[in-house]
Amino acid sequence: MQNVIEAQGIGKSYGAVKAVRKLDFQVKPGECFGLLGPNGAGKTTAVRMTHCFIRPTRGSLYVLGCDVLSEPRKIKAGIGVCPQENNLDPDLNVWDNLRVFARYFDITGREVEKRCEDLLHFIGLFPKRKASVEELSGGMKRRLMMIRSLLNKPKLLILDEPTTGLDPQARHQIWETITQVKTQGTSVLLTTHYMEEAQHLCDRLLIMDQGRVIKEGRPKDLIAQNTARHVVEISGADSSVADLLRELRLSFEKSATHYYVFTESGMDTYQALASRFGEEKCLLRMANLEDVFLKVTGRNLRE
Amino acid sequence: MRRFGVLTNLSWRCLRVWQRNFDVYKATWKVNFIPPLLEPILYLFAFGIGMGGLIHDVIYAQAPVSYLKFLAPGLVAAAVMNHGFFETTYASFVRMYFQKTFDAILSTPLMLEDVIFGELLWGATKAFMASVIMFLVVAALGLISMPSGLWILPLAFLAGMAFSGLGMCFTAVVKNIEMFNFPVFLFITPMFLLSGVFFPLDTLPAWAQRSAFVFPLTYLVSASRALAFGRPHPGLAGDVLVLALIAGASCYGSILLMKKRLEK
Chain S
1 MQNVIEAQGI GKSYGAVKAV RKLDFQVKPG ECFGLLGPNG AGKTTAVRMT HCFIRPTRGS
61 LYVLGCDVLS EPRKIKAGIG VCPQENNLDP DLNVWDNLRV FARYFDITGR EVEKRCEDLL
121 HFIGLFPKRK ASVEELSGGM KRRLMMIRSL LNKPKLLILD EPTTGLDPQA RHQIWETITQ
181 VKTQGTSVLL TTHYMEEAQH LCDRLLIMDQ GRVIKEGRPK DLIAQNTARH VVEISGADSS
241 VADLLRELRL SFEKSATHYY VFTESGMDTY QALASRFGEE KCLLRMANLE DVFLKVTGRN
301 LRE
Chain E
304 MRRFGVLTNL SWRCLRVWQR NFDVYKATWK VNFIPPLLEP ILYLFAFGIG MGGLIHDVIY
364 AQAPVSYLKF LAPGLVAAAV MNHGFFETTY ASFVRMYFQK TFDAILSTPL MLEDVIFGEL
424 LWGATKAFMA SVIMFLVVAA LGLISMPSGL WILPLAFLAG MAFSGLGMCF TAVVKNIEMF
484 NFPVFLFITP MFLLSGVFFP LDTLPAWAQR SAFVFPLTYL VSASRALAFG RPHPGLAGDV
544 LVLALIAGAS CYGSILLMKK RLEK
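Chains as they are written, first to last, in this note's numbering: chain S, 1 to 303; chain E, 304 to 567.
Simulated from the structure, these hints should not be mistaken for lab results.
Mixed in with the good hints there might be a few duds.
[Said to hold, decoys possible] Here are the computed lysine-lysine pairs in the DSSO-like style, where the Cα-Cα straight-line distance is at most 30 Å: (1) E/Lys333 <-> S/Lys18; (2) S/Lys215 <-> E/Lys567; (3) E/Lys403 <-> S/Lys130; (4) S/Lys220 <-> S/Lys155; (5) S/Lys22 <-> E/Lys567; (6) S/Lys74 <-> E/Lys403; (7) S/Lys182 <-> S/Lys141; (8) E/Lys478 <-> S/Lys141; (9) S/Lys281 <-> S/Lys28; (10) E/Lys563 <-> S/Lys18; (11) E/Lys563 <-> S/Lys114; (12) E/Lys333 <-> E/Lys403; (13) E/Lys567 <-> E/Lys478; (14) S/Lys128 <-> E/Lys478.
[Claimed, not checked] Pulled from the structure, derived: some chain S residues nowhere near chain E, Cβ distances all over 12 Å: (15) Pro38; (16) Arg58; (17) Gly59; (18) Val81; (19) Phe105; (20) Lys215; (21) Arg299.
Glycine included, every Cβ here is placed at the ideal spot set by N, Cα and C.
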């Protein structure tokens, strides 16, 4: 089966500014693929190219087997898009938001009623169908955006930061929806700033920075290849900690308030450090995607 | 090459945008209905009865006619201009810039050309609906000759396309919504006052008469008045042709300008 997204050397320049330099990636059928990176890395630009919102200035990009430059209409009919910014129609109520949006896809009549009803029940917004979208909470708006992007039963769902700014309940509901959609065979392209989310949802992911790929792989492999098994965090530490860590020949990273010690034998290291600095200051945990992310993109603030 | 893509990317799907705007209009139809209904009554009262008391007859096509009869088709024409122009300036700008409605539609099978042309058709429809309401009021007062006066209505749609197209050209270039004050005060207001709505243009000095012909409204007023009096003059075909040309050029141009603004 052909790839759902086939991006080869795609780039986007605005004059001299290169938002995306050179990006290669493939999304396979039924897979959830993540695009990660700090602000300004070019994630949104990359995503917008795949849903034909902006045209790549370099490379070749095929979505659902169609060229984004020559067959955007066909691509857009087969995908669902949930952009970073909600763009629900404030002039229409909840129900009409779905009905009118489905009509852009030529889904009308009985079919649309059934579909809207099912989807609204699915996210628990059916009782609110007559409400103005302005009355909805942030989480409800996001869920409505999400089901709106499912109206045309897309083969590929594109989600740009679907859970940013949501409470844990709403976030988990969005995750469940994504998982459910995936089991129905829909492929997903996702961007996020939450490493936990990426680790939880993505089969494969790509970390990009400054418009190019830094790392690509399965979350588990990326963690295994780029960091140690365990991390001991030491808080409220002064520079004497660094001296000791060097003495113990431990690999570590320093932030303004914490030391992060990477180790293959977490228990031993933890016991050694806790006995020295006190248990309340030390924390042992498994290494995660965030460690990889910070390691490969650096701890400096962006923008 | 892409310059001529306007026509290849335009499809019947633009009607989906028209439908969306019509749905919103229906939901608030009472609010939308009242201004075009009150407007002619207010103008007819102020100008026709108030000022008309000072003016007796006006010379139109070498014959004296009552000022109210002279004014009525001009007011219908002015409503077409206002409703067409305001819909594709303020209203379209709000949908495009604040509500991100265009962005949402662009993630469906519609292309930018469909969205803009749908908005233009809708602007012309708003102008047409306003003209119908005003037409009914002035016709009920016996100020329009029938049946030739009925031709004013299809003409209103054509002119509505022209004014919507002109409005959309401005929408494609303004940076913020306050900037619409420029076209309104420098273009719409002088056009409203100096296109022969309120007085025959031949009372103006020759240079002012000539400059009135840069205003699209001049052609619409002239054509509407000829139809309202049931006296189609030889210039009527010319007026309609000019309006059609302005409509075609401004709609085409506005789509090009919008592509330049929104396609990245």
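| Is S/Lys215 truly not at the interface, in the sense that its beta carbon sits beyond 12 Å from all beta carbons of chain E? | Consistent with the label, S/Lys215 stays out of reach of chain E, its closest Cβ about 28 Å off (over 12 Å).
| Does the structure keep E/Lys563 and S/Lys114 at a Cα separation of 30 Å or less? | It is violated: about 39 Å lies between the C-alpha atoms, which goes past 30 Å.
| request: Would you mind confirming whether the straight-line C-alpha gap from E/Lys333 to E/Lys403 stays at or under 30 Å? | output: holds, 26 Å
| Is it correct that the beta-carbon of S/Arg299 has no partner in chain E closer than or equal to 12 Å? | Non-interface label stands for S/Arg299: nearest chain E Cβ at 32 Å, farther than 12 Å.
| Is E/Lys333 within 30 Å of S/Lys18, Cα to Cα? | Violated, at roughly 50 Å.
| field | Given pair status - S/Lys130, E/Lys403, alpha carbons within 30 Å | value | Distance of about 22 Å is within 30 Å: holds.
| field | Satisfaction of hint between E/Lys403 and S/Lys74, Cα-Cα up to 30 Å | value | At roughly 22 Å apart (the allowed maximum being 30 Å), E/Lys403 and S/Lys74 satisfy the hint.
| query | Holds or violated: are the alpha carbons of S/Lys182 and S/Lys141 at most 30 Å from each other? | reply | holds, 22 Å
| Given the proposed pairing of S/Lys281 with S/Lys28, does the C-alpha separation stay at or below 30 Å? | With Cα atoms ~44 Å apart, S/Lys281 and S/Lys28 exceed 30 Å; violated.
| field | Distance rule for S/Phe105, whose beta carbon must clear each one in chain E by more than 12 Å | value | S/Phe105 is in fact no farther than 12 Å from some Cβ atom of chain E, at 6 Å.
| field | Given pair status - S/Lys18, E/Lys563, alpha carbons within 30 Å | value | holds, 19 Å
| S/Val81 non-interfacial with respect to chain E [C-beta, more than 12 Å] | Violated, since 4 Å does not exceed 12 Å.
Violated hints for the displayed structure, listed by number in ascending order: 1, 9, 11, 14, 18 and 19.
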